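Protein chains: 2
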Amino acid sequence: MISLNHEFSGTHIICDAYEVQETLLVDYNKIESIIKESVSKAGASLIKIIKYSFNKSGFTLVALLKESHISLHTYPERNAIFIDVFTCGRVDPSIIINNILDYYKPLRHNLTTIKRGFYK
Amino acid sequence: MISLNHEFSGTHIICDAYEVQETLLVDYNKIESIIKESVSKAGASLIKIIKYSFNKSGFTLVALLKESHISLHTYPERNAIFIDVFTCGRVDPSIIINNILDYYKPLRHNLTTIKRGFYK
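Chains as they are written, first to last, in our numbering: chain A, 1 to 120; chain B, 1 to 120.
The set of hints was computed from the structure by calculation and includes no laboratory data.
Hints may contain errors.
It does not matter which identical chain is used: a pair holds within one copy or between any two.
[To be verified] Capping the alpha-carbon separation at 35 Å, the derived lysine-lysine pairs in DSBU-like fashion look like this:
1) K105 <-> K51
2) K41 <-> K51
3) K115 <-> K51
4) K30 <-> K105
5) K105 <-> K56
6) K41 <-> K105
Keep in mind the model is a prediction, meaning the values are calculated, not measured.
Whole structure, please, built from the sequences with the hints as guidance.
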């Protein structure tokens, strides 16, 4: 338990990335340092990373941030990865997404950006 | 490490829910059983739940599923909660979302549904 300024409203970026090298999508260890670097570049605060490896078929990672979360789901057999970055407050999630994409270097990706915390 | 059929492509539902009772949004313990019940109703497989409580200002929960993830971020001071359910394969994420909404009973909520794993 820590006291935090838990800011409301933010931006969620959803990225489906394709044509990624298979070796990167099974590298369960390197990605943790990439996530830490990405969070630091964005000026966000990392609480915890948890990872889970599926036997020979990719892994799942979730990083809890003071400002919300990052998730990755890799599919090496499809050369694909699904990435989410949701940040509340002033942190720009595109800094995190771009740093992760710089690492995976997909030849093709889709981005969807959703503003959250506003009545429709 | 376990061997799993890690299915590709799925549906991500993003829900911003408002006018929720504050007492529910700080109940850090009860929600775990609601998540387990929701996952079971949907026929999904829970790997792990992690939770983090912000002192007096809500909590964050992420549940890793065999089929992807669920995240919750609560804002009791705003009577609001942000919920994500992303499932790959045949699991219907709306079963999970609806079960969680049945618990929180927001007076107002937005839903955004995104199909993932398809080239655009």
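Hints versus structure:
1. K105 <-> K51: both (21 Å within a copy, 32 Å between copies)
2. K41 <-> K51: both (21 Å within a copy, 25 Å between copies)
3. K115 <-> K51: both (27 Å within a copy, 24 Å between copies)
4. K30 <-> K105: Answer is within: at 15 Å inside a copy they meet the 35 Å cutoff, but 41 Å across does not.
5. K105 <-> K56: Within one copy, since 21 Å is at most 35 Å while 41 Å is not.
6. K41 <-> K105: within (18 Å within a copy, 38 Å between copies)
Comparing the model with each earlier hint shows no violations; every hint is respected.
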